[in-house]
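K.L.:
Chains as they are written, first to last, in my numbering: chain C, 163 to 552; chain B, 163 to 552.
It is possible that some hints are incorrect.
Derived CB-CB ranges, DEER-like [claimed, not checked]:
no., chain 1, residue 1, chain 2, residue 2, range
1, B, Ser285, C, Leu271, 48 to 58 Å
2, B, Ser285, C, Lys460, 23 to 33 Å
3, B, Lys460, C, Glu185, 22 to 32 Å
4, C, Glu239, B, Glu415, 55 to 65 Å
5, C, Arg538, B, Ser285, 30 to 40 Å
Keep in mind the hints are simulated off the structure, nothing from the lab. Predicted model, so just to flag it, every value in this text is computed and none were measured. Ideal placement from N, C-alpha and C gives every residue a C-beta, glycine not left out.
Okay, here's what each chain looks like letter by letter:
Protein chains: 2
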Amino acid sequence: MTASGFSLVLNATDGGARAGVIESPHGAVDTPAFMPVATQGSVKGVTPQELQELGAGIVLGNTYHLYLRPGIEVIEEMGGLHEFMGWKGPILTDSGGFQAFSLRAMAKLSDDAVVFRSHLDGSLHRFTPESAVAYQERLGVDVMMCLDQCVAADGSEEAVREAMERTHRWAARCRDAWKSSRQALFGIVQGGVSEEMRRESAEFITGLDFPGYAVGGLAVGETKAEMYEMVSFTGELLPVDRPRYLMGVGSPEDLVEGVSRGMDMFDCALPTRVARNGALLTPEGRINVVAARYSRVKGPVQEGCDCLACVGFSMGYISHLFRAKELLGLRLASIHNLRFVQRLMEEMRCRIVSGDFDDFAEDFLGRYRPTDEAARMAQKRRWMRERVGG
Amino acid sequence: MTASGFSLVLNATDGGARAGVIESPHGAVDTPAFMPVATQGSVKGVTPQELQELGAGIVLGNTYHLYLRPGIEVIEEMGGLHEFMGWKGPILTDSGGFQAFSLRAMAKLSDDAVVFRSHLDGSLHRFTPESAVAYQERLGVDVMMCLDQCVAADGSEEAVREAMERTHRWAARCRDAWKSSRQALFGIVQGGVSEEMRRESAEFITGLDFPGYAVGGLAVGETKAEMYEMVSFTGELLPVDRPRYLMGVGSPEDLVEGVSRGMDMFDCALPTRVARNGALLTPEGRINVVAARYSRVKGPVQEGCDCLACVGFSMGYISHLFRAKELLGLRLASIHNLRFVQRLMEEMRCRIVSGDFDDFAEDFLGRYRPTDEAARMAQKRRWMRERVGG
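Isolated chain C, as found in the complex (with noise of 0.2 Å):
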C-alpha cells in the first residue's frame, strides 16, 4: 500500500531546519506545521473557522477518546471526522496506544493486543495493530499512525527494548493492514535515549518504507539535553523525503529546537493548556495573566500580537476574566497561545527559506525564558508515572 495524494516537497533547507509544504487529500500544509491537538474532536474553546484564521494547517485528534466517546461507528455514520467536527484541512490521529497503556487504562499486554479499561466506564476493550489502523481508516484522517509502545525516560534498557521490538513487530501489522490509499500510515521510531536502539529502531522502521516516519518515546521524562540529542541522531537516519513527525513536543523553544534538528510536524496540548491556567505565551516566555499586577494594564498581553485576545482587549480584561472565572477568558487565552504558536512557525518557515534560520533561533532562545528545568522534569515525570509507568 502506498498513500496516492500525499508527499512532502521541501522548498528549502538552511543548516537542519526544513521548509516544505505536504500535500494531502484535504489540502496543503506548510511545514513545519504545529497540529493543536482536539482530543475529542475540537480544540478546546476554538471554533474551526478560528483555527485556520489563526495559522493552523492540520490539526491532531486521539483515537483513544474518539473510539470511546462518540464512537468509531457515530463518526462514520456522521461523515467521517472533518465532517463531524468541522475542520476541513488535514486530521492526523494518534493510535490510541499511548492512552490506552496509561498505567490506570492497562488491564493486560501481550504481542497480540493491548487490553485496557476507558476511563468513562471502567468497561474494557482491546486495541490490536489491526484495529487501531482500521479505526483511523474509518475516520477518514489524512495521516494515521502505527500502534506503538512508548515507556517513560526512567524505564530500563530492558523495558525500554521490550517496547521497542513490540513496536516493530506491530508497525509490520501496521503495514499489513492498511488498505485506504486515501490516507497516508506513518510508522513511529522508539529505542528511549540509547542511540543504539534508536539506530535500530529507524533501521527497521524504515526499512517498512511508510509515507512519514514519527520520532516516539520523547518528552516523556528525560532531560531537554537528552530529547535534543536524541532527535538530532534520529533525525539524520531518516530518509529526506519523509514528513518526520515529533511526537508531543510543543513548548516553543522545543518547537525551535526541533525545526532547527530537521523536524517538520510537531503536536503538543501545552499552549491551550497552559491557556486554561492563565498562562500566556509571550517571546519573553509565559506570564501568569490572573497575577493582580495585570489587572490595570490597559495594553495586550502581547504588543503588536494580530490575534483576536489581543486585537480586541486589553491585557487589564483578561485578568479580570481569570480572576472572575469567566469563559471568554480560558478562549482568549487559548486563542493567543496558539496564535503564538503558529506565527512562530510562520517566522521559521520563512527565516528558512531566507537562508538565516540560525539567526532566528538565537534571538528567539536567547530571549525566550523556558519554564524553570527542574520544576518542568518534576512534573513531567509524575505526569509520565501516572500515563505509562517507568
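For this one, chain C is given, so just place chain B on it according to the hints.
P.N.:
Then chain B, alone, in the frame of chain C:
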C-alpha cells in the same frame, strides 16, 4: 437632571405592543429589545463582536458584581465599562440592590443603606441610593437603575408595602444624586401582585419624572398569570413616551407576553444559563441536546437558524461536545440561544410594524411549549428564598 442624548421614539404600535428606537450616547437600540446579561462584564463565553453579529443592541451589567470585582475604580481607570469589556453599544446596569439584598449577603438594612457581605470574601460593604448611582455613573453606562428593594412573591403584604415605600424614598434620593446628563436613570415600580400598591407605586415613581421606567418585583415566584396581569396593569400606568423595562424576564413565552403588554426592554440570564446545561431553544420549546437520541442527528439544532452553531455544526456534534464536556459546546449553545431570542425580538418588531403582531404571538405561543409551570415555580421559589427571602 435630565438625560441628554437619550430618548425613545415609537415607530408603531399594534394593540398593546410597541416598536421603536431608543437613542443613547452609545448608539440606537431597536425596541422591543432583549439585553443579554454580562454580570461580570462578559456574556459568558461570547465576544462583544459575536453579540453584535447575533443582533444584540444593548447588554446588561451587574453593579454589585463589578463593584466587588474588579472594582469600580479599576473599571474607571481602564476607561469605563464599555472600553473595559470591548462593547461599543449601549449598556444598562442594575443598581446592585437585588444581589445585596440576597439572604446570604445582607447584613443590615436601614433606610439609610443596605450593608452586605461580599460573596467572594465575606467582607462588609454598604450601598446607599447615592452611592449606587455614583458607582453606575463612574462605570459610564448609558442606563442606570435606582436602588430598590425587591421581595419574593410569597412575601407578606406588609413586607411588600415596606419594601415599596423604601423603594420610593430611595428613588427620590437617587433622582437627587444623579449628576451625569450623559447617562439616563430609570425609576422602578414595585408593589408585588397588588393592584392597589402597583398603582400607588407607579404614581409615586412617575411623579419623579425619570427618562425610563422599570417594572420590578416580578418574575420572583408568582404564577405566570399573576405576572402577566401585573405587567398589563402597571404598563398602562406608565407614560407612553418613556421606555418600559420588565426586569429579569426573558423566557421566550414571557418575552412575547411582555411585548404584547407594552414592554420595551427585557433582561434575563436564562438563554445563556440553560445553554450551559445543554438546553437549546427551538420554536417548539427547549430541547436537551445532551440526550443520546441526538447523537447521530446530521442536521442543525434548528432548521433555518442562521447562528454560528446551526450553520457550522450538526446537532450530533454539539451533543457530543456536551457529553464530552468540551468548552466549545457551552459556547455554541449560548450563541444559539441568544440568537434565538434576538431573532424573536426582530420578528416581533417587524410584526408590530406590519400590524399583525397578534397573529405572530398566537402562532408562536401555540407552537412553543414552555417549561412545566409547577416545576418552574418550585424552582423559582426555591431560588428566590435563597436570594431575597420571603
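K.L.:
Against this structure, judge whether each hint is valid.
P.N.:
Here is how each hint holds up against the structure:
A hinted range of 48 to 58 Å for the beta carbons of serine 285/B and leucine 271/C is consistent with their spacing of about 56 Å. With their beta carbons about 27 Å apart, serine 285/B and lysine 460/C fall inside the hinted range of 23 to 33 Å. Under the hint 22 to 32 Å, the C-beta atoms of lysine 460/B and glutamate 185/C, about 29 Å apart, fit the expected range. As the Cβ distance of glutamate 239/C to glutamate 415/B is approximately 36 Å, the hint placing it in 55 to 65 Å is violated.
Distance hint for arginine 538/C and serine 285/B: a CB-CB separation of about 38 Å, consistent with the stated range 30 to 40 Å.
Hint compliance for this structure: hint 4 is the single one not met.
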